[in-house]
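We have chain A already, so just place chain B on it with the hints.
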Amino acid sequence: MRDITFDESLILYDLEAETNEEVLTKMARNLASKHLVKESYILAVIERERAFPTGLPTQGISVAIPHTDIQHVNQKAISVAILKQPVEFGVMGENDQTTPVQIVFMLAMDEAHAQPTLLQKLMQLIQDEQALKYILMEKNKVKLKHWIRERLGIQ
Amino acid sequence: MAKKRVLVACGAGIATSTVVAKTIEEMAKANGIDIDVKQIKISEIGFYEDDADLLVTTARIQKSYKFPIIQAHSFLTGIGVEDTKKKIMEELNK
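Those sequence lines, one after another, are chains A and B. The numbering of the first sequence is my numbering, which starts it at 1 and goes up by one. The numbering of the second sequence is my numbering, which starts it at 1 and goes up by one.
Keep in mind the hints are simulated off the structure, nothing from the lab. Model, not experiment: these values are computed from the prediction. Don't be surprised by glycine CBs; every beta carbon is placed ideally from N, CA and C. Honestly, I wouldn't trust all of these hints.
Capping the alpha-carbon separation at 30 Å, the derived lysine-lysine pairs in DSBU-like fashion look like this [claimed, not checked]:
1) 41(B) with 26(A)
2) 38(A) with 143(A)
3) 87(B) with 4(B)
4) 22(B) with 145(A)
5) 3(B) with 94(B)
6) 63(B) with 85(B)
7) 87(B) with 41(B)
8) 29(B) with 121(A)
9) 22(B) with 133(A)
10) 29(B) with 85(B)
11) 41(B) with 38(A)
12) 121(A) with 139(A)
13) 85(B) with 121(A)
14) 121(A) with 84(A)
15) 3(B) with 121(A)
16) 63(B) with 22(B)
17) 121(A) with 22(B)
18) 4(B) with 38(B)
19) 38(B) with 121(A)
20) 84(A) with 141(A)
21) 86(B) with 38(B)
22) 38(B) with 38(A)
23) 34(A) with 41(B)
24) 121(A) with 41(B)
25) 3(B) with 38(B)
26) 29(B) with 86(B)
27) 143(A) with 121(A)
28) 85(B) with 133(A)
29) 22(B) with 38(A)
30) 133(A) with 26(A)
31) 121(A) with 4(B)
32) 121(A) with 87(B)
33) 121(A) with 86(B)
34) 41(B) with 94(B)
35) 86(B) with 66(B)
36) 84(A) with 133(A)
Pulled a few chain B residues facing chain A out of the computed Cβ check, cut under 10 Å [what the hints assert, rightly or not]:
37) 15
38) 18
39) 59
40) 62
In isolation and in its complexed conformation, chain A is listed as follows (with noise of 0.2 Å):
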């Protein structure tokens, strides 16, 4: 099994968008134009979104995950965007609420039930107010991966 994909590349600093479909389809033709997810990818995380909305209102920095069917995906990777702008992301599990969410962290998972550890790792991150401002400060793209993997546990 090939390990998950990130390094700097999948890092977007100051993302600029008006809408959530766009912070998705900035970040998912990202991963495309890398060939790490179908060109079918992009509509269908956009999809899914919309269908199953996937902004975190943490304690205090909101965070989404977005993320779509394994058919669409080339290689698992994940890509974590940093957001001039807060942009407002449908609610998990609620029906018509919103956050204003900061960072994103896109996954492109290649197959099912996989990866429990790097998942509940994520989770753990976004739960941590501190790691989240950290994130959002740390203006050095190389530091921020290796620490990001580090804190996932991607070797």
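Below, chain B without anything else, positioned relative to chain A:
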């Protein structure tokens, strides 16, 4: 007591359900309860109508089923985790 069959569902059946399933398995193990966890997509719930005792999900379910439904996105946000765990334990102990 028969082994409880727990369905864990989310939109894609790959990310949030993985986290929820792992948390429930750990909870059951810690409490010495033998359970069977199945991870599925929301769209597949209907197929399991007669084969489950409990559904735990991170999404919003409008339909009702034969089994109780517990919302567990607290496992992702960290807000209200203990409350959700209590609800799940109550069902597992039934």
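Hints and how they fare:
For the suggested pair residue 41(B) and residue 26(A), the alpha carbons sit about 26 Å apart, so the restraint of at most 30 Å is met. Taking the CA atoms of residue 38(A) and residue 143(A), the gap is near 29 Å; set against the 30 Å cutoff, the hint holds. Note on residue 87(B) and residue 4(B): the hinted pairing holds, with a Cα-Cα distance of about 15 Å set against a maximum of 30 Å. The hinted pair formed by residue 22(B) and residue 145(A) meets the criterion: a straight-line CA distance of about 26 Å does not exceed 30 Å.
At roughly 11 Å between alpha-carbon atoms, residue 3(B) and residue 94(B) fall within 30 Å of each other, so this suggested pair holds. In summary, the hint linking residue 63(B) to residue 85(B) is supported, as the alpha carbons are separated by about 23 Å, within the 30 Å threshold. Between the alpha carbons of residue 87(B) and residue 41(B) the distance comes to roughly 22 Å, so the proposed pair stays at or under 30 Å and holds. Taking the CA atoms of residue 29(B) and residue 121(A), the gap is near 20 Å; set against the 30 Å cutoff, the hint holds.
Note on residue 22(B) and residue 133(A): the hinted pairing holds, with a Cα-Cα distance of about 27 Å set against a maximum of 30 Å. Restraint check for residue 29(B) and residue 85(B): satisfied, since their Cα atoms lie roughly 13 Å apart, inside the 30 Å limit. At most 30 Å may separate the alpha-carbon atoms for a hinted pair to count; residue 41(B) and residue 38(A) meet this at roughly 21 Å. Distance check on the hinted pair: residue 121(A) and residue 139(A) sit about 23 Å apart at the alpha-carbon level, within 30 Å; holds.
Of the pairs offered as hints, the one joining residue 85(B) and residue 121(A) holds, with about 19 Å between alpha carbons and a cut-off of 30 Å not exceeded. Restraint check for residue 121(A) and residue 84(A): satisfied, since their Cα atoms lie roughly 25 Å apart, inside the 30 Å limit. For the hint pairing residue 3(B) with residue 121(A), the CA-to-CA distance comes to about 29 Å; that is within 30 Å, so the pair holds. A C-alpha spacing of about 25 Å is found between residue 63(B) and residue 22(B), which places the hinted pair at or below 30 Å, so the restraint holds.
With a C-alpha separation of about 12 Å, the suggested pair residue 121(A) and residue 22(B) falls inside the 30 Å cut-off, and the hint holds. Note on residue 4(B) and residue 38(B): the hinted pairing holds, with a Cα-Cα distance of about 11 Å set against a maximum of 30 Å. Between residue 38(B) and residue 121(A) the alpha-carbon distance is near 21 Å, which keeps this suggested pair within the 30 Å criterion. Of the pairs offered as hints, the one joining residue 84(A) and residue 141(A) holds, with about 16 Å between alpha carbons and a cut-off of 30 Å not exceeded.
Under the criterion of a C-alpha separation no larger than 30 Å, the hint pairing residue 86(B) with residue 38(B) is consistent with the structure, at around 20 Å. Restraint check for residue 38(B) and residue 38(A): the C-alpha separation of about 28 Å stays at or below 30 Å, so the hint holds. For the given pair, residue 34(A) sits about 28 Å from residue 41(B) by alpha-carbon distance, which is consistent with the 30 Å threshold. Of the supplied pair hints, the one linking residue 121(A) and residue 41(B) holds, its CA atoms being roughly 22 Å apart against a limit of 30 Å.
Taken as a hint, the residue 3(B) and residue 38(B) pair is honoured in the structure, with Cα atoms around 13 Å apart against an allowance of 30 Å. Taken as a hint, the residue 29(B) and residue 86(B) pair is honoured in the structure, with Cα atoms around 15 Å apart against an allowance of 30 Å. Restraint check: the Cα-Cα separation between residue 143(A) and residue 121(A) comes to about 19 Å, which is no more than 30 Å; the hinted pair holds. Taken as a hint, the residue 85(B) and residue 133(A) pair is honoured in the structure, with Cα atoms around 28 Å apart against an allowance of 30 Å.
Taking the CA atoms of residue 22(B) and residue 38(A), the gap is near 29 Å; set against the 30 Å cutoff, the hint holds. Taking the CA atoms of residue 133(A) and residue 26(A), the gap is near 23 Å; set against the 30 Å cutoff, the hint holds. Only pairs whose Cα atoms come within 30 Å are accepted, and residue 121(A) paired with residue 4(B) is accepted, the gap being roughly 27 Å. Restraint check: the Cα-Cα separation between residue 121(A) and residue 87(B) comes to about 24 Å, which is no more than 30 Å; the hinted pair holds.
Distance hint between residue 121(A) and residue 86(B) is fulfilled; the C-alpha atoms sit about 22 Å from each other, no more than 30 Å. Among the hinted pairs, residue 41(B) with residue 94(B) is consistent with the structure: their alpha-carbon atoms are about 25 Å apart, no more than 30 Å. Of the pairs offered as hints, the one joining residue 86(B) and residue 66(B) holds, with about 21 Å between alpha carbons and a cut-off of 30 Å not exceeded. Between residue 84(A) and residue 133(A) the CA atoms are separated by roughly 14 Å; this keeps the pair inside 30 Å, and the hint holds.
With its C-beta approaching chain A no nearer than about 5 Å, residue 15(B) sits inside the 10 Å limit, and its interface hint holds. About 5 Å separates the beta-carbon of residue 18(B) from the nearest beta-carbon of chain A, less than 10 Å, and the hint is met. With a cut of 10 Å, the hint placing residue 59(B) at the interface with chain A holds, because the nearest CB-to-CB distance is about 5 Å. For residue 62(B), the shortest C-beta to C-beta distance to chain A is roughly 9 Å, which falls under 10 Å, so the interface hint holds.
When held up to the earlier numbered hints, the structure conflicts with none and fits them all.
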